[in-house]
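Chemist: Start from the sequences, fold in the hints, and give me the full structure.
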Amino acid sequence: MQEIEVKAHLRDREAVVEKLVSLGCTLSDPLQQDDTVYVADREAIHVFAEGNLFLRIRVNNGSEVIFTAKKRSGPLVALEHEVTVSSRAELKGIIAMFGFEKFLTIKKARQTTHYDGCEICIDEVEGLGAFIEMEKLSRDGDPASIQAELFAFLESLGVRREDRVNNGYDILLFERERAQ
1 MQEIEVKAHL
11 RDREAVVEKL
21 VSLGCTLSDP
31 LQQDDTVYVA
41 DREAIHVFAE
51 GNLFLRIRVN
61 NGSEVIFTAK
71 KRSGPLVALE
81 HEVTVSSRAE
91 LKGIIAMFGF
101 EKFLTIKKAR
111 QTTHYDGCEI
121 CIDEVEGLGA
131 FIEMEKLSRD
141 GDPASIQAEL
151 FAFLESLGVR
161 REDRVNNGYD
171 ILLFERERAQ
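Mapping to the UniProt record's numbering: the sequence shown position 134 is 134, numbers consecutive.
Read the hints as simulated data drawn from the structure, not as lab findings. All figures in this text were calculated on a predicted structure; none of them were measured in a lab. Check the hints yourself; a few may be wrong.
Derived SDA-like pairs (lysine to any residue); straight-line CA-CA distance at most 20 Å [to be verified]:
(1) 108 with 163
(2) 108 with 35
(3) 19 with 29
(4) 108 with 27
(5) 136 with 126
(6) 102 with 171
(7) 71 with 156
(8) 136 with 148
(9) 107 with 167
Modeler: Below, the structure is given as structure tokens:
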């Protein structure tokens, strides 16, 4: 299953949330997420290129641990597999045995809702600011067409095209750190 998403900086979080609520959406309580990304070669930006595997340990509210394996097939398009695990320490050991190293950690507060078969996330990302993501799972849809549809919906909420972001938080944080 492909995860296809669009993402944008949020200039006016409250206005976007009001529009979502007017469409019948209910946002979840905020969830604190710590995502640690692991890569095979942490010295090279190519780790985030299409076709390369990267791994993530997500900790929700300090307790629930979710392991994700992703292989990107395009900007914000990835084959993704997730599983909840009981031992973060054991998972770290397994990841190290496969030769993957910690790359970076993303800390964010996330609220979610669903609309028209898609998940919508309102995120406050430490060091980056406020974002909105909309994602859809698809077996065989054209990613570019699906992304165009998803972003058209975000525009209907007041999100501006110039605020669109074509990278994940991992790359945005990496680029920010590299520029400093």
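Chemist: Of the hints stated earlier, which fail here?
Modeler: When the structure is compared with the hints, numbers 5 and 7 turn out to be violated.
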